[in-house]
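Those protein sequences? They're chains A and B, same order as listed.
Take the first sequence: its position 54, counting from 1, is numbered 54 in the numbering used here, and each next residue is one higher.
Take the second sequence: its position 11, counting from 1, is numbered 11 in the numbering used here, and each next residue is one higher.
Don't take each hint at face value.
As the list claims (entries may be wrong) - The calculated label-pair distances, taken between Cβ atoms and stated as ranges, are:
| # | chain 1 | residue 1 | chain 2 | residue 2 | range |
| --- | --- | --- | --- | --- | --- |
| 1 | B | N32 | A | P213 | 29 to 35 angstroms |
| 2 | A | Y48 | B | S49 | 37 to 43 angstroms |
| 3 | A | E199 | B | P113 | 50 to 56 angstroms |
| 4 | A | N45 | B | D58 | 31 to 37 angstroms |
| 5 | B | S49 | A | L56 | 19 to 25 angstroms |
| 6 | B | N106 | A | V15 | 36 to 42 angstroms |
| 7 | A | D292 | B | N32 | 39 to 45 angstroms |
| 8 | B | Y25 | A | K59 | 43 to 49 angstroms |
| 9 | B | G85 | A | N249 | 25 to 31 angstroms |
As the list claims (entries may be wrong) - With the C-beta cut set under 10 angstroms, the calculated list includes, among others, these residues of chain A facing chain B:
| # | residue |
| --- | --- |
| 10 | I17 |
| 11 | Q20 |
| 12 | N65 |
| 13 | R71 |
| 14 | E141 |
| 15 | T151 |
| 16 | R154 |
| 17 | D179 |
| 18 | V180 |
| 19 | I182 |
| 20 | V194 |
| 21 | P288 |
| 22 | D292 |
For the record, the hints were derived by calculation from the structure and aren't laboratory data.
C-beta atoms are modelled at their ideal positions from N, C-alpha and C, and glycine is treated no differently.
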Amino acid sequence: MAVDKVIEIPVSLEVPIGPQHPALHEPVMLKVYAEGEEVVKVEVNTGYNHRGIEKLVEKNSFYRNIFIVSRVCGICNIVHSNAYVRAVEQVMGIEPPGRAKYLRVLAMELERIHSHMIINAIMAEVLGYDTLFMYIMRDREKVMKAKEILTGNRVLGDYLMVGGVRRDLSEVDRERIKDVLIKLEPEVRKYIRVFEEDETIGKRLRGVGVVKPKDVTLHGLVGPTARGSGVNIDARREGYDAYGEVPFNIIVRSDMDSWSRMMVRWHETIESINMCKYVLENLPSDGPAVPDETKLPRKFPVGEAFTRVEAPRGELTYYVMSDGRQNPWRVKIRTPSFNNIINSGFSYIGYTIADVPVILTSYDPCISCMERAIVTDLRRGEKKYVRFKDLNRGLK
Amino acid sequence: MGKPSLLKEVLKWFIGRPVTIQYPYEETPIENRFRGRHFADLNKCTGCSLCAIECPADAITMEKLPEEVSVPKNPRRIYPVISYGKCVYCYRCVTVCPFDAYITTNDYKITGPARLYSRDYSLQSVGGGAQ
Ligand code: SF4
Ligand code: SF4
């Protein structure tokens with residue numbers, strides 16, 4: 001019998017990307033289902049790096065926690081301590097002087113500059129453009145130096161304290177930081193040109209990972225991811241610390257693709273450089289920026305506070321509840337990557353497997369700061385948080 | 001789309017000095033106020049244990065002073081010993097000490113098995129400890 005029909009069975013392939021180094025050094029696994037080269041479904045699996053920080057914070061005193069929440073994220077440590085410190089200040093009814101507020105803004109904006117530079121460098125590396133990666137990282141080191149001058153460490157600033165900041169800025173250091181920023185700006189502009197004009201970058205980023213404004217609001221995406229899709233949200237608009245006094249523009253682009261998100265970050269870097277310059281030139285001297293830590297109150301009133309800051313990756317929120325004892329009763333942290341990564345599975349569909357790392361990198365994931373353990377009781381449809389100790393014993 | 005101007009930069013750095021620092025043959029430039037190795041000056045410390053209570057990393061343990069060491073004002077004869085492996089260099093202990101007893105340095109070279117604790121540094125401040 002001659003063959004007159006061939007039956008083709010469509011095979012969908014499951015490709016695990018991660019959890020070791022999916023695109024950048026973050027422990028996240030994307031379970032990609034592909035038909036041929038085309039991605040048809042993506043599951044975002046997390047939970048490889050749960051550290052139980054929220055529980056740890058409940059076991060430590062209010063002041064010790066400032067340093068513990070700084071360790072939630074390595075890159076954006078000052079925004080974490082800022083959100084927490086402002087929440088504690090609200091509970092205690094303390095208002096820091098203007099100089100301290102300006103210095104906080106300076107530290108946070110320096111952090112934004114180096115965070116945006118590192119993700120753009122990593123994007124260059126993911127695209128295979130290692131030369132550009134090296135150049136951006138070289139110039140990022142200048143910002144790290146500025147941060148070291150200001151806070152005393154290039155990465156972990158530990159710069160904030162209830163009622164102010166932990167070290168003041170001298171005239172000499174002020175000039176040195178300004179010098180760093182003046183030298184940095186032309187370099188950043190050069191990289192913007194490379195990202196705009198380079199053919200390889202354009203081909204790999206433009207039109208890849210399109211997120212429509214409707215998807216942004218539907219999935220609750222925040223930060224440069226939302227602003228790259230034309231959604232104008234920025235927590236800095238609230239005017240916390242000195243953001244109400246420092247002029248800045250909110251960068252919004254409407255290309256909606258990975259390239260657009262990276263360009264939002266580059267232009268925000270320029271904005272941040274200008275904000276830092278403004279802060280350095282208009283630093284008020286209305287009071288001691290550094291509180292005497294030995295004299296801070298030891299009693300904490302009953303109360304609760306909810307604060308939000310614009311971290312480099314988007315809106316970060318803290319909820320702090322005090323029941324009048326030495327330790328907070330509850331601290332709830334919601335990091336921007338929690339929204340941006342877990343909800344982003346939809347945006348990979350229709351692109352090729354080679355585009356997956358690019359799209360993931362364009363969301364600037366920070367997995368370590370978003371890991372949570374939630375147990376969902378399927379029978380009753382309840383969700384509850386458990387401690388790791390109890391997890392070992394097994395769930396009831 | 002035109003070609004980027006990165007080529008010029010690449011050529012420039014072919015002949016320029018490398019940016020990379022050849023550590024440990026070359027010193028990394030470090031700020032004077034960098035938060036590095038620190039230890040308690042036993043001339044000032046009163047053994048109040050506040051630093052050990054406030055340390056967020058639980059890196060400080062209060063230890064008994066050796067018999068032969070004489071200290072000016074420490075009735076309980078205990079002093080803080082920092083484990084540099086545990087310490088996160090936040091300097092909370094430095095700022096919270098009511099007697100300003102901590103000596104701070106910008107020494108960042110703390111890896112290696114020798115001197116993992118601040119014991120000898122502190123004892124040397126009153127003429128004791130291993131040299
Ligand atoms: S807080 Fe100061 S005085 Fe008290 S034990 Fe520590 S170093 Fe000594
Ligand atoms: S610097 Fe911080 S972590 Fe280190 S001993 Fe002092 S309080 Fe503890």
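Hints and how they fare:
| no. | hint | verdict |
| --- | --- | --- |
| 1 | B:N32 - A:P213: 29 to 35 angstroms | violated (50 angstroms) |
| 2 | A:Y48 - B:S49: 37 to 43 angstroms | holds (38 angstroms) |
| 3 | A:E199 - B:P113: 50 to 56 angstroms | holds (53 angstroms) |
| 4 | A:N45 - B:D58: 31 to 37 angstroms | holds (33 angstroms) |
| 5 | B:S49 - A:L56: 19 to 25 angstroms | holds (22 angstroms) |
| 6 | B:N106 - A:V15: 36 to 42 angstroms | violated (48 angstroms) |
| 7 | A:D292 - B:N32: 39 to 45 angstroms | violated (23 angstroms) |
| 8 | B:Y25 - A:K59: 43 to 49 angstroms | holds (44 angstroms) |
| 9 | B:G85 - A:N249: 25 to 31 angstroms | violated (46 angstroms) |
| 10 | I17 | violated (29 angstroms) |
| 11 | Q20 | violated (25 angstroms) |
| 12 | N65 | holds (8 angstroms) |
| 13 | R71 | holds (7 angstroms) |
| 14 | E141 | holds (8 angstroms) |
| 15 | T151 | holds (9 angstroms) |
| 16 | R154 | holds (9 angstroms) |
| 17 | D179 | violated (14 angstroms) |
| 18 | V180 | violated (13 angstroms) |
| 19 | I182 | violated (19 angstroms) |
| 20 | V194 | holds (4 angstroms) |
| 21 | P288 | violated (13 angstroms) |
| 22 | D292 | holds (9 angstroms) |
Of the numbered hints given earlier, the model fails hints 1, 6, 7, 9, 10, 11, 17, 18, 19, 21; all others are met.
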